[in-house]
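Novice: Sequence:
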Amino acid sequence: MYDRILVTTDGSARSKVAVEHGINLAKSIGAGVLGIYVVNDVVVANTVRQLGVDKKEIEEKLKIAGEKALVSVKKIGDEAGVAVDTMIRTGAPANTIIDVARTEGIDLVVMGSHGESGVTKLLIGSVVQKVLYWAACPVLVVR
Numbered sequence: 034m035y036d037r038i039l040v041t042t043d044g045s046a047r048s049k050v051a052v053e054h055g056i057n058l059a060k061s062i063g064a065g066v067l068g069i070y071v072v073n074d075v076v077v078a079n080t081v082r083q084l085g086v087d088k089k090e091i092e093e094k095l096k097i098a099g100e101k102a103l104v105s106v107k108k109i110g111d112e113a114g115v116a117v118d119t120m121i122r123t124g125a126p127a128n129t130i131i132d133v134a135r136t137e138g139i140d141l142v143v144m145g146s147h148g149e150s151g152v153t154k155l156l157i158g159s160v161v162q163k164v165l166y167w168a169a170c171p172v173l174v175v176r
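Residues 34 to 176 in the working numbering are what the sequence shown spells out, letter by letter.
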C-alpha cells in the first residue's frame, strides 16, 4: 500500500513523535523513508528584516538546525532497521512538502500536529492544514 513514506521534521519533540510513528510504520510494511526539513523562507525574510542579519548567515544557521534534526531522523531509522534518506529544502514549508511528495513518488506523508490555534493560526496558517488540503497522497497527522 505504501512503498515510500515522507516524514517531516522541524526538530521539535512533537515532530520526533511523528518521525517515530512514520519509521515504525515503514518498518512494519517494508516501506522506504524520506526525511525532510524545510528552511522556512518567510522566517528567513522576517529575521533579516527585523534583526538586520545577513540572509546567508541565517539560512546557514537554519540549515545546521535542519541537519541536526535529520541526524536524529536517521538515528531513529537505524535503530529500527529502516533505511532513511534525508533532504533539506528552502521554501514555504507546506508547498515544499507537497511538491517533494509529488516529485519523489511519496505514497504517505507523516507529520506532527503543532496544535496552532487562535491568533497564531490566523496569522501564519497551519502547515499541517495546508498539506492535508493540497497533498495528492494520504497524510497521517500524529498528535
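Just so you know, the hints here were simulated from the structure itself, not pulled from any lab data.
No experiment lies behind these values; they were computed from the predicted model shown.
Treat each hint with caution, since some may be false.
[Unchecked claim] With a cut-off of at most 27 Å between alpha-carbon atoms, the simulated BS3-like pairs for lysine-lysine come out as follows:
no., residue 1, residue 2
1, Lys-163, Lys-96
2, Lys-49, Lys-163
3, Lys-108, Lys-88
4, Lys-60, Lys-89
[To be verified] Label-pair restraints from in silico Cβ distances:
no., residue 1, residue 2, range
5, Leu-173, Ala-116, 11 to 21 Å
6, Asn-79, Gly-114, 15 to 25 Å
7, Val-76, Ser-105, 16 to 26 Å
A virtual CB, placed ideally from N, CA and C, is assigned to each residue, including glycine.
Novice: All hints are to be evaluated individually against the structure, with a verdict given for each.
Specialist: Status of the hints after comparison with the structure:
no.: 1; hint: Lys-163 with Lys-96; in the structure: 23 Å, holds
no.: 2; hint: Lys-49 with Lys-163; in the structure: 20 Å, holds
no.: 3; hint: Lys-108 with Lys-88; in the structure: 30 Å, violated
no.: 4; hint: Lys-60 with Lys-89; in the structure: 38 Å, violated
no.: 5; hint: Leu-173 with Ala-116: 11 to 21 Å; in the structure: 20 Å, holds
no.: 6; hint: Asn-79 with Gly-114: 15 to 25 Å; in the structure: 41 Å, violated
no.: 7; hint: Val-76 with Ser-105: 16 to 26 Å; in the structure: 20 Å, holds
Of the numbered hints given earlier, the model fails hints 3, 4, 6; all others are met.
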